[in-house]
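These protein sequences, in sequence, are chains A and B. Each residue of the first sequence is one higher than the one before, counting from -9 in the numbering used here. Each residue of the second sequence is one higher than the one before, counting from 54 in the numbering used here.
Worth double-checking, as some hints may not be accurate.
[Unchecked claim] Quick list of the computed label-pair ranges, beta carbon to beta carbon: (1) 101/B <-> 110/A: 28 to 36 Å; (2) 142/B <-> 93/A: 48 to 56 Å; (3) 124/A <-> 108/B: 27 to 35 Å; (4) 99/A <-> 163/B: 54 to 62 Å; (5) 68/A <-> 114/B: 53 to 61 Å; (6) 142/B <-> 99/A: 34 to 42 Å; (7) 66/B <-> 40/A: 42 to 50 Å.
[Stated by the list, open to error] Example chain B residues on the side facing chain A (calculated, C-beta under 8 Å, incomplete): (8) 81; (9) 87; (10) 127; (11) 129; (12) 132; (13) 144; (14) 155.
In case anyone wonders, no lab produced these hints; they're calculated from the structure. Just so you know, even glycine gets a beta-carbon here, dropped at the ideal spot from N, CA and C.
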Amino acid sequence: MSLFGSLDISGSGIDASQAWLNTTAGNIANMNDVTSTDKSAYGVQTPVFTPIGVAGQVGAGVTVSGIQEGDTTGIVQFDPSSPVADAQGNVRVPDVQLGAQMVEMIQAQTDYQANTASFADAKTAYQSALTIGT
Amino acid sequence: MDGIVNVLQYAVDGVAQQQQATANNLANVDTPGYTAQAVDFETSLQQALSSPSGGTASVAVTADPTARASDGNNVDTGTQLVDAQKETLQYQTMVDMLNAQFRLISGATGGSFS
């Protein structure tokens, strides 16, 4: 662990929360995508968080080990006015739940804030350590 | 005098590790299946100090027994944020005490007490 370990750990948490904010933003931005029924729909993206560290020791933070893509089957809707509609007048739209995405966004935001709070606490402690002997 | 400085130094390191564990728990607040960590140095330090023959203090990393949520994660954000504040104040207090000890040494050796 480096000299100012807590700061690195909180930084990794901030990065992970940011990645989560990005995926929710991407999911909401794509919720009105329309594709033809012979193509797959936009799959909801979710970051995969993995703890860093060795068992039996204080962990070293978190990392985003990948982005999981959800079901690309989507929902088939009847929309004959769409330019990509098939012969039956159907199109494929992604199965993005706006409510769930908004909840995830707030969660990611809260995580971000918690990590910045712990960053600030660690900074205060390290600053006081620098006064030793002065 | 030397003993107090050593004990304080050990305690400062211990609290720094507790702070790292808290930071790590908060970083993993939404990692599925993550078990919160706790660091205990106080128990063994107290034992070492109260034992007449002395002893060696050690730092133990333990799993937090808090109940798990549906995703298998047991980090309680509120508790961890309170811990982070508490550890920062403890850290500052012990640094102040270390500085007080050094001022005493400085004064006793002909320097300034302030």
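Quick check: which numbered hints come out false for this structure?
-> 2, 6, 7, 10, 11, 12
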